[in-house]
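J.: When you get a sec, could you build the whole thing from the sequences and use the hints?
For the protein sequence lines, the chains are Z and Y, in the order given. Heads up, the first sequence is in the UniProt record's numbering, so the first residue is 1 and it goes up one at a time. Heads up, the second sequence is in the UniProt record's numbering, so the first residue is 1 and it goes up one at a time.
For the record, the hints were derived by calculation from the structure and aren't laboratory data. Heads up, some of the hints might be wrong.
No copy is singled out in the list; a pair is fine if it fits within one copy or between any two copies.
Unchecked claim - Subject to a maximum C-alpha distance of 20 Å in a straight line, what follows is the list of computed SDA-like cross-link-like pairs (lysine to any residue): (1) K127 to I241; (2) K184 to R239; (3) K284 to P245; (4) K265 to S216; (5) K134 to V55; (6) K134 to I176; (7) K85 to L130; (8) K284 to W246; (9) K84 to I241; (10) K284 to F200; (11) K271 to Y220; (12) K184 to W246.
All values derive from a computational prediction rather than experimental measurement.
Protein chains: 2
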Amino acid sequence: MINELELRKQLLKMGNEKIAYFGVPGSYSHEAMLNIFGEEADAIYRESFEEVFKVLVEGKVKYGVLPIENSSTGGITDVMDLLKKYDCYVVGEKCIAINHCLMGIDGAKLEDIEEVYSHTQGLLQCKEFLEQHKQWKLFDYYNTAKSAEYVKSSNSIHKAAIGGKAAAKLYGLNIIKQPINSNKENYTRFIIISKELMSFENSDKISIILNLPHVSGSLYNVIKVIYENNLNMMMIESRPIMGMPWEYSFYIDFEGNLKEERVKKAIDIIKEKSADFRLVGNYKKDM
Amino acid sequence: MINELELRKQLLKMGNEKIAYFGVPGSYSHEAMLNIFGEEADAIYRESFEEVFKVLVEGKVKYGVLPIENSSTGGITDVMDLLKKYDCYVVGEKCIAINHCLMGIDGAKLEDIEEVYSHTQGLLQCKEFLEQHKQWKLFDYYNTAKSAEYVKSSNSIHKAAIGGKAAAKLYGLNIIKQPINSNKENYTRFIIISKELMSFENSDKISIILNLPHVSGSLYNVIKVIYENNLNMMMIESRPIMGMPWEYSFYIDFEGNLKEERVKKAIDIIKEKSADFRLVGNYKKDM
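T.: Here it is as structure tokens:
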């Protein structure tokens with residue numbers, strides 16, 4: 001596991017760097033940001049993944065914090081696609097345990113609920129619980145905290161939100177039931193992005209994104225390079241390429257530090273074999 | 001491309017097999033089902049992916065039709081996860097061009113719209129158009145056709161749905177703007193599932209799902225088997241394994257027919273190397 005203080009010290013060199021996190025106060029991303037940068041962090045929030053990337057590339061903040069993968073539902077592919085679109089780097093990661101609560105206004109009981117608001121991931125992660133209440137209308141809302149805010153503002157005992165305890169606390173909602181996530185081993189991995197590539201002595205994970213020529217064996221040849229250089233592949237996610245039906249980009253994580261010879265060699269060969277290649281980052285893993 | 005009549009003839013041996021499709025009348029899945037099985041098909045519909053699997057394994061229908069991948073937004077991972085959960089096979093596939101319309105009741109104009117209803121994929125596929133109207137509230141609704149039905153029943157000029165022409169026609173809505181999908185090269189691949197494994201002379205695509213032991217090189221060793229037996233890998237999708245954070249299942253498609261020696265050999269070796277292996281199907285590709 002990651003040493004949070006060490007990470008904070010590495011990133012906050014000046015001590016006054018501005019941060020943008022995805023979501024709103026009370027969201028899991030907010031919790032991740034506080035965890036990484038501390039309570040005294042100078043942070044703003046943006047309500048879409050893309051807005052976090054935008055304020056970063058515009059230079060308004062030094063770092064961005066966004067979710068990239070959930071251990072139960074998989075990769076957050078929108079964020080992966082944005083990492084390909086914007087010229088920025090992953091400089092760190094932090095895993096947060098996600099335990100969802102069903103929350104409503106004062107007096108709202110389980111039997112009153114008719115509508116449930118949460119982020120797509122929140123709804124997905126509570127699928128089994130929600131399937132026991134098939135009469136509920138489910139609404140895919142901006143994020144978990146905004147869902148809590150909306151339920152509070154509606155002042156209706158028929159509406160509930162799914163989110164974290166922090167959101168319930170911030171918006172003054174009661175917890176009707178918790179935890180309601182299907183899988184109690186439920187973590188979200190958050191990334192810290194920056195305009196600069198920052199690699200430290202203790203960085204031990206590398207992320208790359210590549211397009212491959214549409215020929216047989218092209219993915220095999222890339223994975224072979226990783227394997228033959230004794231590098232451990234941690235994750236691979238395929239993404240469609242816009243306008244090229246049934247062709248794919250690959251987002252790959254493997255262990256290593258950019259200073260290592262085997263890593264330099266592997267990256268050089270993979271670059272050659274790719275139609276399009278981007279080094280996304282070299283950072284300390286937290287898993 | 002697939003010969004639809006040939007596929008229909010292969011599957012509808014008795015001519016009276018019952019079919020269940022995902023969604024409701026007017027959905028893209030309905031369009032795919034009609035395309036495969038014809039207007040005279042004896043079809044029912046189910047409003048969740050899992051319900052289609054359930055009526056199939058219970059023997060209430062012979063075939064199920066569901067979307068599994070979109071060429072712009074990627075794999076429909078819920079369906080992949082259900083293919084792993086339920087004991088059934090993919091016996092065919094059909095690609096459908098997806099062109100989305102923004103539709104509303106009589107008199108609703110673009111400037112009246114405040115709320116937009118569609119399936120997650122519909123919202124994702126029209127992201128650029130929707131971003132030009134940031135004031136709209138987006139609701140992730142059951143499916144595109146049900147979104148159209150809801151907008152019709154609301155009788156409000158402030159609500160709009162995103163879906164296909166068929167849905168607009170079926171529910172008597174006007175098309176306000178079309179096509180609104182970001183990518184005009186937008187296809188969804190639908191699968192036909194059955195309780196029996198059905199492989200035909202012209203089947204040229206194999207789907208497998210496997211878990212891999214959590215050791216370095218395990219995915220490399222599987223892809224190597226495919227490559228070394230001269231088989232072309234068409235798609236790979238990684239999925240999390242519930243309760244085992246940061247371990248993955250892989251859903252892999254490759255070209256071949258189960259009668260071929262190279263295919264038998266490859267499958268035997270992959271089975272040995274996997275912690276868990278399932279042959280999902282051998283069918284005629286449509287891409």
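J.: Against which earlier hints does the structure fall short, listed by number upward?
T.: Hint check: nothing fails, all pass.
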